[in-house]
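Peer 1: Okay, here's what each chain looks like letter by letter:
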Amino acid sequence: MAAIELRNVRKAFGTVEVIGNVNLSIEDGAFVIFVGPSGSGKSTLLRLVAGLEDATAGQILIDGTDVTQLGPAERQLSMVFQSYALYPTKTVRQNMSFGLEVARLPKADIRTRVDAVADILKIGEYLDRKPRALSGGQRQRVAIGRAIVREPVAFLFDEPLSNLDAALRVEMRIEIAKLHQRLGATMIYVTHDQVEAMTLADRIVVLDRGSIQQVGTPMELYQRPANLFVAQFIGSPKMNVLAVRPDGSALVFADGRRADLGVSFPPRLAHVGFRPEEVQLLSIGQGHLQGKVEVVERLGSDTFAHVGLGELGIITARMPGNVLSISPGQPVGLGLSGNQLHQFSRDGSRLS
Amino acid sequence: MSIVGKNASSAKFRRNRWLLTGLLSLYFIYTFMPLFYVITAATKSNQDLFSTFGLWFAEDFSLWENLATLFTIQDGIFLKWMANTAYYSSVSAVGAALFSTLAGYAFAKYRFFGKKLMFALVLGAVMIPQTALVIPMFLMLSSMGLTNTSLAVILPSLVFPPGVFLMWAYIDDAISNELIEAGRMDGAGEVHIFSSIAFRMLMPGFATVLILAFVASWNNYFLPLVMLNKPDMFPITVGLAQLYSTAISGTGGVLLFTVVMTGALVSIVPVIAAFLIMQRFWQGGLGAGGVKA
Ligand SMILES: Nc1ncnc2c1ncn2[C@@H]1O[C@H](COP(=O)(O)OP(=O)(O)OP(=O)(O)O)[C@@H](O)[C@H]1O
Ligand SMILES: [Mg+2]
Chain A
1 MAAIELRNVR KAFGTVEVIG NVNLSIEDGA FVIFVGPSGS GKSTLLRLVA GLEDATAGQI
61 LIDGTDVTQL GPAERQLSMV FQSYALYPTK TVRQNMSFGL EVARLPKADI RTRVDAVADI
121 LKIGEYLDRK PRALSGGQRQ RVAIGRAIVR EPVAFLFDEP LSNLDAALRV EMRIEIAKLH
181 QRLGATMIYV THDQVEAMTL ADRIVVLDRG SIQQVGTPME LYQRPANLFV AQFIGSPKMN
241 VLAVRPDGSA LVFADGRRAD LGVSFPPRLA HVGFRPEEVQ LLSIGQGHLQ GKVEVVERLG
301 SDTFAHVGLG ELGIITARMP GNVLSISPGQ PVGLGLSGNQ LHQFSRDGSR LS
Chain Y
1 MSIVGKNASS AKFRRNRWLL TGLLSLYFIY TFMPLFYVIT AATKSNQDLF STFGLWFAED
61 FSLWENLATL FTIQDGIFLK WMANTAYYSS VSAVGAALFS TLAGYAFAKY RFFGKKLMFA
121 LVLGAVMIPQ TALVIPMFLM LSSMGLTNTS LAVILPSLVF PPGVFLMWAY IDDAISNELI
181 EAGRMDGAGE VHIFSSIAFR MLMPGFATVL ILAFVASWNN YFLPLVMLNK PDMFPITVGL
241 AQLYSTAISG TGGVLLFTVV MTGALVSIVP VIAAFLIMQR FWQGGLGAGG VKA
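Here the protein sequences come in this chain order: A and Y.
287 is the number that my numbering gives to position 287 of the first sequence; each next residue is one higher, with no gaps.
126 is the number that my numbering gives to position 126 of the second sequence; each next residue is one higher, with no gaps.
The following block holds chain A by itself, in its conformation from the complex:
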């Protein structure tokens, strides 16, 4: 088990800076998730922690020890790769034993450890098979098993579930959550998937173009996003954002429409955001903005209405259950709550 700390870490490939001055500390036993758009540097950051890439500058500490100069093996971390990266010519048992053999553990110990882990992951039946003869989900389990047997101080996952189908992904997600509870080990996990991030993480690190946008619990990020990027990246469907100019207790929208919300706004306000569940669908003429329903999506548990506001674009409203009273083409009013609005300045940072 280990606390991991990154101090002023930078990484450049040639002249291209991919990670710029990252500071991050991860508590012992935490489940931390890196999210961000493609190319934002999630994998690179993870690989820096793993020791698979050398940092251009800065320090990486594990339990207070500077490991920046150490190779991957000496850091005693395990990694689960997106492609699983199982050794194709070795059986499942040999795959899981390999790291222990390298570490020169006695044969009998290796056997018992592999058997115990195989038991936890329910892969005992496949121990003598080659990876080729396993399904995607089974390979994923073996890859996780190979990471566990080494009893590392922390686990690193790079999009481990992205090659699985939706049902299996949910199953493995729950399994990984259980594993974290059971082992209590520090885990760093990279994903694209909103739901994985929200459900698994103790803390989420949002990355964009190689720098950290915000670190916080899933609910902190959801309820108090530090900037427009985080606001729109976390949450699905994403937060509605409209450009505004404050005018006393009223907002003036980009097309000149005014809405009086009865609360005072700071003068630096430039954007307001509201989540789909933070906007109310009312009859035409009521509320603060008028629009027309363009598309209705019914998921059974929720109904999403996409409402066109002319020049202002489209915003999404969420209603619980199957709301039968709305249909495409219908004119509606939108009700906002002045206190609930997320307020952002011109440069995108949160005002409050």
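Hints are computed from structural coordinates only; laboratory data are not their basis.
All values derive from a computational prediction rather than experimental measurement.
A hint or two may mislead.
As the list claims (entries may be wrong) - No farther apart than 25 Å at their CA atoms in a straight line, the calculated lysine to any residue pairs in the SDA-like style are these:
#  : chain 1 : residue 1 : chain 2 : residue 2
1  : A       : K130      : Y       : D172
2  : Y       : K115      : A       : E53
3  : Y       : K109      : A       : V18
4  : Y       : K109      : A       : T15
5  : Y       : K116      : A       : E53
6  : A       : K90       : Y       : L102
7  : Y       : K116      : A       : T15
8  : A       : K130      : Y       : K116
9  : A       : K130      : Y       : S196
10 : Y       : K115      : A       : A12
11 : A       : K90       : Y       : F194
12 : Y       : K109      : A       : Q69
13 : A       : K90       : Y       : Y110
14 : A       : K130      : Y       : M203
15 : A       : K107      : Y       : Q279
16 : Y       : K109      : A       : E74
17 : A       : K130      : Y       : S195
18 : A       : K238      : Y       : S142
19 : A       : K90       : Y       : P204
20 : A       : K90       : Y       : K116
21 : Y       : K109      : A       : K107
22 : Y       : K109      : A       : V16
23 : A       : K90       : Y       : D172
24 : A       : K130      : Y       : H192
25 : A       : K107      : Y       : L102
26 : A       : K130      : Y       : R280
27 : A       : K107      : Y       : S249
28 : Y       : K116      : A       : V18
29 : Y       : K109      : A       : E17
30 : A       : K90       : Y       : M127
To be verified - Listing some non-contacts, in silico: residues in chain A with all C-beta distances to chain Y over 10 Å:
#  : residue
31 : P72
32 : S83
33 : R169
34 : D202
Unchecked claim - One-sided excerpt, in silico: chain A residues whose CB lies under 10 Å from chain Y:
#  : residue
35 : E74
36 : Q82
37 : E311
The beta carbon of each residue, even a glycine, is placed where N, CA and C say it ideally should be.
Go by the hints and put chain Y with the ligands onto chain A.
Peer 2: Coordinates of chain Y with the ligands only, in the frame set by chain A:
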């Protein structure tokens, strides 16, 4: 032109197929004729060799006599030549395949200073015929006192640029970076990763280079000709050429023509055998890369 989706009985498909078959048949005849000549010539007596039609067998079947002469001539020196050739080629082939694999692996999987330049040099070397290098190499090896030793033939053959290129392409495709990184995370050193994870995945490529290098070395004539001057160190190529020159120079050697032909026939048998053995690797292997999702 694509034939996908065309009906196999359509006129166009049939025309294309005949054309293709015709072209390949011509090519086959072109390559097979000299070989066939060697086969028929090896079964003839010296008289028949010049008095009968070259591309068919004579009435008397003299292969056994020719073989007997071949293996007994000059106290059975042909056997010695065969052994030499086998020795030079197998050591060269194993060495060349090993070095090609190591170099290909480094080019495909490591970042290092001067990599681009070195790879360009390897690519360039593919295009330089070895023949052009033999004389400078002779001067080099002779100043090292290595001419007239088996090393003089083997050392230059260990450098096999087409093999490096082939292994580079194969490794680049067959072994993912993540696989190597998984090995590193497991604590294995680079040599260990290569020998216990990567190498076994590379066997089809290795076998291919092995056989190409083997055949190249087996058929090599100019290098041993320049490097060696003791007849009992000759490989078959140089030995047969020497017999042949005795044959045309007259001096009672007319009899040797068929012996040279028989020797040529015998010398290609191991090459064919090697191809047949190695075929197993090619069929089983080229799709045997990493385990993909
Ligand atoms: N070896 C490399 N050489 C040069 N540039 C690289 C290298 N590895 C990554 N990059 C660049 O670094 C940036 C971040 O890449 P990284 O793989 O970390 O992104 P990511 O957030 O993991 O993206 P994805 O979600 O698509 O996996 C990208 O712009 C990428 O092109
Ligand atoms: Mg990535």
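Peer 1: So which of the earlier hints does this model not fit?
Peer 2: Those not satisfied are hints 8, 15, 18, 20, 21, 25, 27, 30, 31, 32 and 37.
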